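In order, the protein sequence lines correspond to chains W and L. Offset between the first sequence (1-based) and the numbering used here: plus 46. Offset between the second sequence (1-based) and the numbering used here: plus 137.
Treat the hints as calculated values from the structure; they're not laboratory data. Treat the hints with care, since some could be wrong.
To be verified - According to the in silico footprint, chain W covers these stretches of chain L (three or more CB under 8 Å from chain W):
hint : segment
1    : 217-229
2    : 331-337
Claimed, not checked - Partial pick of chain L residues on the chain W-facing surface, computed with a CB cut under 10 Å:
hint : residue
3    : Ala325
4    : Arg327
5    : Pro340
6    : Gly341
Stated by the list, open to error - Covered, in the sense of this in silico footprint (three residues per stretch, anywhere, with C-beta under 8 Å from a C-beta of chain L), are these stretches of chain W:
hint : segment
7    : 125-135
8    : 225-233
No experiment lies behind these values; they were computed from the predicted model shown. For every residue, glycine included, the Cβ atom is placed at its ideal position computed from N, Cα and C.
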Amino acid sequence: MSASVVEVRGVGKRFGRRDESVEAIRSVDLSLASTEFVALVGPSGCGKSTLLSIVGGLIPPSRGGVEVKGHPVKGPPPEVGMMFQNPVLLDWRTARDNVLLPIEIRGGRRAVETARRHADELLELVGLAGFEGKYPGELSGGMQQRVAICRMLIADPEVLLLDEPFGALDELTREHMNVELARIVSDAARAAIFVTHNIQEAVFLSDRVYVITPRPGRVAGVVDVDLPRPRDLDLVTTEPFQRLAREVRRLLDIGAEIEPTETAV
Amino acid sequence: MAIDREGPATEAPWEDDEAQDLASRRTIWERVPRWITVPLFGAVLVLVWQVAVWMEITSEFVLPPPAEVTTELGQMLGNLFTGGYVLENLWVTMQEVFIGLLLAAIAGIGLGILIAETSFGRQVVLPFVIGINAAPKVAFAPIFVAWLGFGIWAKVAMGAFIAFFPLLIDTAAGLANVDADQAKLFRAIRASRVQMFFKLKLPGGLPFIFAGLKTASVLAVVGAIVGEFLGGGAGFGSLIRIAGSQLAIARVFGFVAILSVIGYLLYAIVAWVERRVVFWRSSELIPGAGM
């Protein structure tokens, strides 16, 4: 295993004013190797999305710290690409121009000129060849999310932060997208943190699954997923897969029973 | 859209109950094309008017018959297209409306950006805007006349003054209406404030800004006419005032008809530009915009 690209050390987060604050996350440690795919699984409101936002530099932690490639995170790191539950496309830009947005922000119009071919290649990679000039309003939900994948990849990030990226899609589209995502991430040898509340999805995609407890979010346990790659959907019905899914489920159930004890901050 | 809702008569009503159900929910006003119903309703209104005249509810001076208004309007249009006094005065009013709208657009959008984008605008300037907006704007007319005289500029100022408030409020609302997820995306890709403004907030706010522009285009006409009522000089407002004082009500109706066509055209031009610019969305879907 290669050197870690993301180090999360003792990260805690409280929201609200001091006297009536809510503890969202408590002392989470996490380490991500450079080609590793890690899933954070937990029930809604367990702070897993908050943790991802902290790693992505979108919100600061209350305690502890995050390092990406050895640099402390003080804002969105340039090595990171993010994807959210919704595609978040700009309606007035074509699929291609949406993909090129991060390039345009970083390098201006000249950089866009040179990256245009790359954008079209990415769109082709996710099966959107011929749709480069379409506007988001002309694309289905699944197609929009593919555009969002390309936008995340265009700047060639080393770390992908995926916040329930297919949560808004129907089950069948979602399974299909997961297969594609696994292929794209492993082809380019990238690291990824994937947030979900779907156990199957987590096991299917990951090398390791972090199970997060609710309120405050803590790591209840880590499950190593030693299933071979590349994986296809048939894997889901196999005994080793089921066994790992049961293990994640067990940790989730234990996590739900732990009564959080309030400690002074 | 011209689907035959009657359907073949052989079909029993329960056989395609869903389609039948939908069809039965469509009222007659949805089934008959609007190019028939709208003029028909107009004809009914004219008939009611004519009946009111026949019944001599009031004097013909006060309520002239439709025919007289039509004659008056015909003469006006003849005068208009032969370059007579109607054209002269319309040109004056149109100049006031256009310049007024242009100034309203510059001031409204500019101040709207200031209020939405700076804490100075929000904290310090906004209370003044709300305060002045609460005042009856027509009452400012004597001030504009005193400052700018009896020429077109007092009317331009009146038109711009009345038209600019809704535009300002819509602009500020549109810029503040930025989608939280999109804002998060722009932060994640390390966009600067300026980039965020030009690449996200401004295009995202355009539907609101155009809603404001459409309101402003109508209000610019109102402002110019009010200015002419109170400030005298040339223009349609003055013509209407004079015709009114002579109890030439048919002529007043004629002028008003021409003005509403002008106002509608101006609105239609802005709406046309909007469809070109904001091609991805219609401002009619935004509740509260254009108030």
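Notebook entry, point to check: With 10 Å as the cut and Cβ atoms as the points, is arginine 327 (chain L) at the interface with chain W?
Noted result: Holds. Min distance 5 Å.
Next item on the list: Establish whether the coverage given for the segment 125-135 of chain W by chain L is satisfied; the threshold is a Cβ-Cβ distance below 8 Å, and no fewer than three residues must meet it.
Entry: Coverage by chain L holds for the segment 125-135 of chain W (5 residues, Cβ < 8 Å).
Item checked: Proximity test - 8 Å, beta-carbon atoms, the segment 217-229 of chain L to chain W, at least three hits -> violated (count 0)
Check: Quick one, is the proline 340 (chain L) hint okay against chain W at 10 Å, beta carbons?
Finding: At 5 Å from the nearest chain W Cβ, proline 340 (chain L) passes the 10 Å test, so the hint holds.
Notebook entry, point to check: Against chain W, with CB atoms and a cut of 10 Å, does the hint on alanine 325 (chain L) hold up?
Noted result: holds, 4 Å
Check: the segment 331-337 of chain L covered by chain W? Criterion: 3 or more residues, Cβ-Cβ distance below 8 Å.
Finding: Check passed, 3 qualifying residues.
Note to self: Can you verify the interface hint for glycine 341 (chain L): is its Cβ closer than 10 Å to any Cβ in chain W?
What the structure shows: At 8 Å from the nearest chain W Cβ, glycine 341 (chain L) passes the 10 Å test, so the hint holds.
Next item on the list: State whether the coverage of the segment 225-233 of chain W by chain L holds or is violated, taking the criterion as 3 or more residues with Cβ-Cβ distances under 8 Å.
Entry: violated (count 0)
Violated hints, in rising order: 1, 8; the structure is consistent with all others.
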